[in-house]
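Novice: So you can see what is in the structure, the chains are spelled out below.
Number of protein chains: 2
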Amino acid sequence: MNAEIVAIGSELLTPWRQDTNSLYVTERLNQLGVAVIFKTIVGDRQKHLVEAIRNALGRADIVVIMGGLGPTEDDLTREAVAEALKIGLKRNPELIAELYTRFAARRMQITRNNEKQADTLEGATILENARGTAPGQMLDTIYGEHRKLVMLLPGPPSELKPMFDEQCMPRLRELLPQRHIATRVLKAAMIGESAADARIAPIYQQFKDVETTILAHLGDIQLNLVCSKSIQEAAQGRVDELAGRIEEELEDLIYSSQGETLEQIVLFYLELRAATLSVAESCTGGLIAERLTNISGASRSFAGGAVVYSNELKTEFAGVSPALIEQHGAVSREVAAALAEGIRERCKTTFGLGVTGIAGPGGGSEEKPVGLVYIGVSDGESTEVVEKKFTGDRNRIRQYASQQALDLVRRRLM
Amino acid sequence: MNAEIVAIGSELLTPWRQDTNSLYVTERLNQLGVAVIFKTIVGDRQKHLVEAIRNALGRADIVVIMGGLGPTEDDLTREAVAEALKIGLKRNPELIAELYTRFAARRMQITRNNEKQADTLEGATILENARGTAPGQMLDTIYGEHRKLVMLLPGPPSELKPMFDEQCMPRLRELLPQRHIATRVLKAAMIGESAADARIAPIYQQFKDVETTILAHLGDIQLNLVCSKSIQEAAQGRVDELAGRIEEELEDLIYSSQGETLEQIVLFYLELRAATLSVAESCTGGLIAERLTNISGASRSFAGGAVVYSNELKTEFAGVSPALIEQHGAVSREVAAALAEGIRERCKTTFGLGVTGIAGPGGGSEEKPVGLVYIGVSDGESTEVVEKKFTGDRNRIRQYASQQALDLVRRRLM
Numbered sequence: 001m002n003a004e005i006v007a008i009g010s011e012l013l014t015p016w017r018q019d020t021n022s023l024y025v026t027e028r029l030n031q032l033g034v035a036v037i038f039k040t041i042v043g044d045r046q047k048h049l050v051e052a053i054r055n056a057l058g059r060a061d062i063v064v065i066m067g068g069l070g071p072t073e074d075d076l077t078r079e080a081v082a083e084a085l086k087i088g089l090k091r092n093p094e095l096i097a098e099l100y101t102r103f104a105a106r107r108m109q110i111t112r113n114n115e116k117q118a119d120t121l122e123g124a125t126i127l128e129n130a131r132g133t134a135p136g137q138m139l140d141t142i143y144g145e146h147r148k149l150v151m152l153l154p155g156p157p158s159e160l161k162p163m164f165d166e167q168c169m170p171r172l173r174e175l176l177p178q179r180h181i182a183t184r185v186l187k188a189a190m191i192g193e194s195a196a197d198a199r200i201a202p203i204y205q206q207f208k209d210v211e212t213t214i215l216a217h218l219g220d221i222q223l224n225l226v227c228s229k230s231i232q233e234a235a236q237g238r239v240d241e242l243a244g245r246i247e248e249e250l251e252d253l254i255y256s257s258q259g260e261t262l263e264q265i266v267l268f269y270l271e272l273r274a275a276t277l278s279v280a281e282s283c284t285g286g287l288i289a290e291r292l293t294n295i296s297g298a299s300r301s302f303a304g305g306a307v308v309y310s311n312e313l314k315t316e317f318a319g320v321s322p323a324l325i326e327q328h329g330a331v332s333r334e335v336a337a338a339l340a341e342g343i344r345e346r347c348k349t350t351f352g353l354g355v356t357g358i359a360g361p362g363g364g365s366e367e368k369p370v371g372l373v374y375i376g377v378s379d380g381e382s383t384e385v386v387e388k389k390f391t392g393d394r395n396r397i398r399q400y401a402s403q404q405a406l407d408l409v410r411r412r413l414m
Numbered sequence: 001m002n003a004e005i006v007a008i009g010s011e012l013l014t015p016w017r018q019d020t021n022s023l024y025v026t027e028r029l030n031q032l033g034v035a036v037i038f039k040t041i042v043g044d045r046q047k048h049l050v051e052a053i054r055n056a057l058g059r060a061d062i063v064v065i066m067g068g069l070g071p072t073e074d075d076l077t078r079e080a081v082a083e084a085l086k087i088g089l090k091r092n093p094e095l096i097a098e099l100y101t102r103f104a105a106r107r108m109q110i111t112r113n114n115e116k117q118a119d120t121l122e123g124a125t126i127l128e129n130a131r132g133t134a135p136g137q138m139l140d141t142i143y144g145e146h147r148k149l150v151m152l153l154p155g156p157p158s159e160l161k162p163m164f165d166e167q168c169m170p171r172l173r174e175l176l177p178q179r180h181i182a183t184r185v186l187k188a189a190m191i192g193e194s195a196a197d198a199r200i201a202p203i204y205q206q207f208k209d210v211e212t213t214i215l216a217h218l219g220d221i222q223l224n225l226v227c228s229k230s231i232q233e234a235a236q237g238r239v240d241e242l243a244g245r246i247e248e249e250l251e252d253l254i255y256s257s258q259g260e261t262l263e264q265i266v267l268f269y270l271e272l273r274a275a276t277l278s279v280a281e282s283c284t285g286g287l288i289a290e291r292l293t294n295i296s297g298a299s300r301s302f303a304g305g306a307v308v309y310s311n312e313l314k315t316e317f318a319g320v321s322p323a324l325i326e327q328h329g330a331v332s333r334e335v336a337a338a339l340a341e342g343i344r345e346r347c348k349t350t351f352g353l354g355v356t357g358i359a360g361p362g363g364g365s366e367e368k369p370v371g372l373v374y375i376g377v378s379d380g381e382s383t384e385v386v387e388k389k390f391t392g393d394r395n396r397i398r399q400y401a402s403q404q405a406l407d408l409v410r411r412r413l414m
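These protein sequence lines are chains G and Z, in that order.
Quick note: the first sequence, position 74, residue 74 per our numbering, numbers continuous.
Quick note: the second sequence, position 327, residue 327 per our numbering, numbers continuous.
Okay, chain G solo, but in the shape it has when bound:
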């Protein structure tokens, strides 16, 4: 079984907006063993909609149509599906009553155009929308002698996602042949995509029944393993076996075997060891603290720290002596160590982390080029400093530096 996703809305054809619902729907369909073979994005013109829907019906078993169910003149999905399938469209009195009740409950005046949201395709099952006014619809129908499942879903993600999970998924599970999909997500830090692939390709190529995808993003590698079988245990066994073999190969480069983020892992190990962390950030400028505090419950292990952009603040908040900065420069192995040691003392934490570097685009020299970063971590007894030379723009250098810093703490905790 395969599917096509049709995303509707002229705003999705501008340089500023992009369909993202389809990623979510694809993930869910994949869980049912359904592959997405086409995605089409089309504006609010009935002629174009009918063409897109007919194309989709002609080549896919399942057609998921998203958007264009609202009350305005531009919302033409219902009309277009009726035309494409040559079926009727009737205003459903029960749905109109519901619309009036809903508007009244919010003390809002209902306008006439809202009634078109009650238009129902002949033979369709209504999908209730608890979070918006436009209900969805689902059709189990015949097109060109083939059976087709057609879903009409609202465009806003906050309405589409629960509707798909709560109403489409159970129906699809009933209608589709039973497949069991097992997945694993492994993550590794500070290894390039091609370097990782060179090491693990000989392994995953032996697992023809597991689909392995490598995603790389700013010092982070994500390995997605997916296996589909008629028996759940068999599928799970295969992905687990492959995951184990990859973990053996990449060893401590792998920081997560269940998809957690690096900051989640760092906080998890800190808590496990009853340890706490503080940071003194120069070139990352708050990025490491921001990443950690974005995790709920971070305060149990992360005390905080300082953004020490100026030399004065390196002294004021992390006790780095002006003489040391004078002697070695603010971007140096010595200052990174002093930042880590100083912030640890000031914050009374188990570990202190210090980062200094040149994020660019200005400020580089031949001796200390843009991208040079020193990261220090201290536990009071010993201080370790790594020197890195990252390439790319300011954002990329800062992201890599934060990734390297968090990974350094993780390794210290292992």
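Since the hints were made in silico from the structure, they are not lab data.
Note that the coordinates shown come from a computational prediction; the quantities given were computed from them, not determined experimentally.
A couple of the hints might just be wrong.
Per label pair, the in silico range of CB-to-CB distance [what the hints assert, rightly or not]: (1) Z:K47 - G:M169: 27 to 33 angstroms; (2) Z:E367 - G:G237: 23 to 29 angstroms; (3) G:K389 - Z:R17: 27 to 33 angstroms; (4) G:P177 - Z:P93: 49 to 55 angstroms; (5) G:L176 - Z:G363: 39 to 45 angstroms; (6) G:A274 - Z:A275: 52 to 58 angstroms.
Cross-link-like lysine to aspartate or glutamate pairs, in silico, DMTMM-like; alpha carbons within 25 angstroms at most [what the hints assert, rightly or not]: (7) Z:K368 - Z:E384; (8) G:K148 - Z:E51; (9) Z:K148 - G:E51.
Negatives, chain G to chain Z, calculated, CB over 10 angstroms [what the hints assert, rightly or not]: (10) R59; (11) E145; (12) A243; (13) V308.
Just so you know, even glycine gets a beta-carbon here, dropped at the ideal spot from N, CA and C.
Add chain Z to chain G, keeping to what the hints say.
Specialist: For chain Z alone, kept in the frame of chain G given last:
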């Protein structure tokens, strides 16, 4: 004139990857007065590719095909275009020679499959690729009695973007009727999309020749004004006139009239007033510092500050008295003011900013619910505190709080 964009690659049909090239290409095509009417995303199967390309040729004047030009068996774009247009495909000896030279220069062994990148469509112009091995191709041809422009471009954005700008744009400018497009981008902070639209719709609706798009994202509103005319000055005059009218209506809600970010504007005004800023962040946990330091040159006006997640650090780094925290709670008007005043003194800056709040999901109470945030700003003479109740998840609350804090500083500087 209109266009269809066809993005090719099975990875673009997974839950993890998304075509983003089309946003860039759309922006460029719009600059030429060309509207994108369809986007199709298709996997690496020749049958599907041919179908997608034929559909596109049947309905659009310009067909931009991205991806599938590499050396592997999965790279089928050239073959599919040849089949769709029923034209020949020939291995180009000059391109083969270039490929061999390129590989030799990098001291890499060329493999046989690389030669297919030299396959050229009958009648095509070769688009050189300085950043990769796969050249692009451009065809000016006839399909179904209509003239069509077809472009084959490499998938990696780092290759596609310069190729489109340097080689496609000049050719398209020559081939297309001359249109002049003027644009303006206005930005406003801390106003909802529907509230903004209610105020400005009566204005922009009078400018039928200017297309106005409103984008909203986490407390930030972006208004895109686009006008296309045969004379540049006329188009520019209209967008400037509309921009002026919108600025009059929204007054100081508008922080940028040329598309700058809020953090850029804050840093610009700080520098203009020869003023400096420091921050003490509790609930935003480094996000404000991170946003400011992501701008190159931030160090001229932004000294740094502290991430004071724990109460101890509020005292240690911003001198907030434990008694004050005890009396009013860490999330209070009084502590926000003390954070702003304390960090300003410690960092010796013109302004101090203090943020405390409950980002959730835990930690809320009836009296102090999740989303409650206090933001203080002090210049040493007076301290202003705003109280806000944001809704949504942890990330959203933190983003709104950082936006509100930066906007508060901006207003103080106006």
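Novice: In ascending order, which of the hints set out earlier in this document are inconsistent with the structure?
Specialist: As far as the earlier hints go, 2, 6, 10 and 13 are violated by this structure, in ascending order.
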